[in-house]
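Peer 1: Sequence:
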Amino acid sequence: MRNIYMVWLLLCLCGFTLGCQLEDISSFGPLKVTGYYGGSVVLPCNCKDLQSKPRNLTWLRTVRYFNEVPPLYKINEGDKEPEIQKDCEGRVARVDDGSPGNLALVIYNLRHEDAMTYRCQTERGMEYLELTVKDCNLASSGERLEISKVSGESVLLPCWCAEKKAKPQTLRWKDPNGRLIRSESQQSGRFAHRVEMFNDNTIWNVSLLLSDLTVDDEGEYTCEINGKDNKVVYSLTVTDCTLSGQDEVVEVEAQPGSSILLPCACTTLEAKPQNFRWTPPNNREIHWHYRGRAELFHQTAAPGNLSLLLSKLTPEDEGVYRCEAGEGKSKVFVLTVRGPSFLLSDNCRKNDDSWSQFTYCIFALFCICQFTFL
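For the sequence shown, the residue numbers in mature numbering (1 follows the signal peptide of the UniProt record, and there is no 0) are -19 to -1, 1 to 355.
Think of the hints as simulated: they come from the structure by calculation, not from any bench.
A few of these clues could be false.
PhoX-like, lysine-lysine: derived pairs with alpha carbons at most 25 Å apart [as the list claims (entries may be wrong)]: (1) Lys130 to Lys212; (2) Lys212 to Lys146; (3) Lys13 to Lys29; (4) Lys115 to Lys29; (5) Lys67 to Lys115; (6) Lys13 to Lys209; (7) Lys55 to Lys29; (8) Lys209 to Lys155; (9) Lys13 to Lys55; (10) Lys148 to Lys55.
The calculated label-pair distances, taken between Cβ atoms and stated as ranges, are [unchecked claim]: (11) Tyr89 to Glu276: 56 to 66 Å; (12) Gly123 to Leu190: 27 to 37 Å; (13) Asp228 to Pro296: 50 to 60 Å; (14) Arg175 to Lys34: 50 to 60 Å; (15) Val230 to Thr295: 48 to 58 Å.
Each residue gets a CB set at the ideal place from its N, CA and C atoms; glycine is no exception.
Construct the complete structure from the given sequences, taking the supplied hints into account.
Peer 2: Structure below.
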């Protein structure tokens, strides 16, 4: 019995002194691991007993023909800090999950030159891993897509990597003139304050959003990733406002003191005309003659609703009103103001108020009498 106990004790002591025995991670050659350019990847390696701690840990890299380069990561028993190869400083770290037997290594900000064979080595074994670093491949690479919009709308031009973990090495958006489109903070010229790029929030989504479109924005837009062979082209068509009833001459009549609506709208209410104005009779200055009496709807309703509401009409408002939505696009209204006035004089208003008060008193007295006789 004593001999059995001694053997058991000896085996336990040997277990503690032998250190970490690596777990087999692949039975058929190196374990294949895939990472994406600009991203991070975990190279797995661990002791069979996750609570055991190796006396020595070395991560090595090999290039073609298994020629080894200096250790990527190395730490020996008693070392306070690991030894890390200079070209990987700040990009390599151990996975810290609280288990001393977890020897996995993380590589951040992957580069193409990181693609090679890696060896995890302790005092009791070694394991090989083969890392592949992939680039961003556009989901619609090589396609030419057509998009139609109306002026004033926004358009999203999709462009993203097929793999959501991938990060483009280079990115270029080009406008119809071949000029680079930059992010909103850097953009100037006609796209200023109208551009939004999504790559600030997601590395794989490099789509472009253009707002407040004009007919000048028409043309081909190109998204290029990692060179000219990996691109998608969008042919954008922008339709300007076409007036409903364009070139018509409409005669309208109203009475003094009344209101009248002069209807004018784009055939597509979402369309926003680049140039829009109402021309009153004799090009009269609107800001003083119509102050407090004119209301437009294109800012409060749909941008394509260009109608004009005139209130408290007077004979002086008669004449030709022209709704113009760009060169050669107009609708004409001929307004006639005649008939009895809708406006009451001050005396009439006072008499009307007195009559209303008298009527209210008679009605109240009638109600009181009815309640008393019940």
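Peer 1: Kindly indicate which numbered hints from before are broken by the structure, ordering the numbers from low to high.
Peer 2: 4, 6, 10, 12, 13, 15
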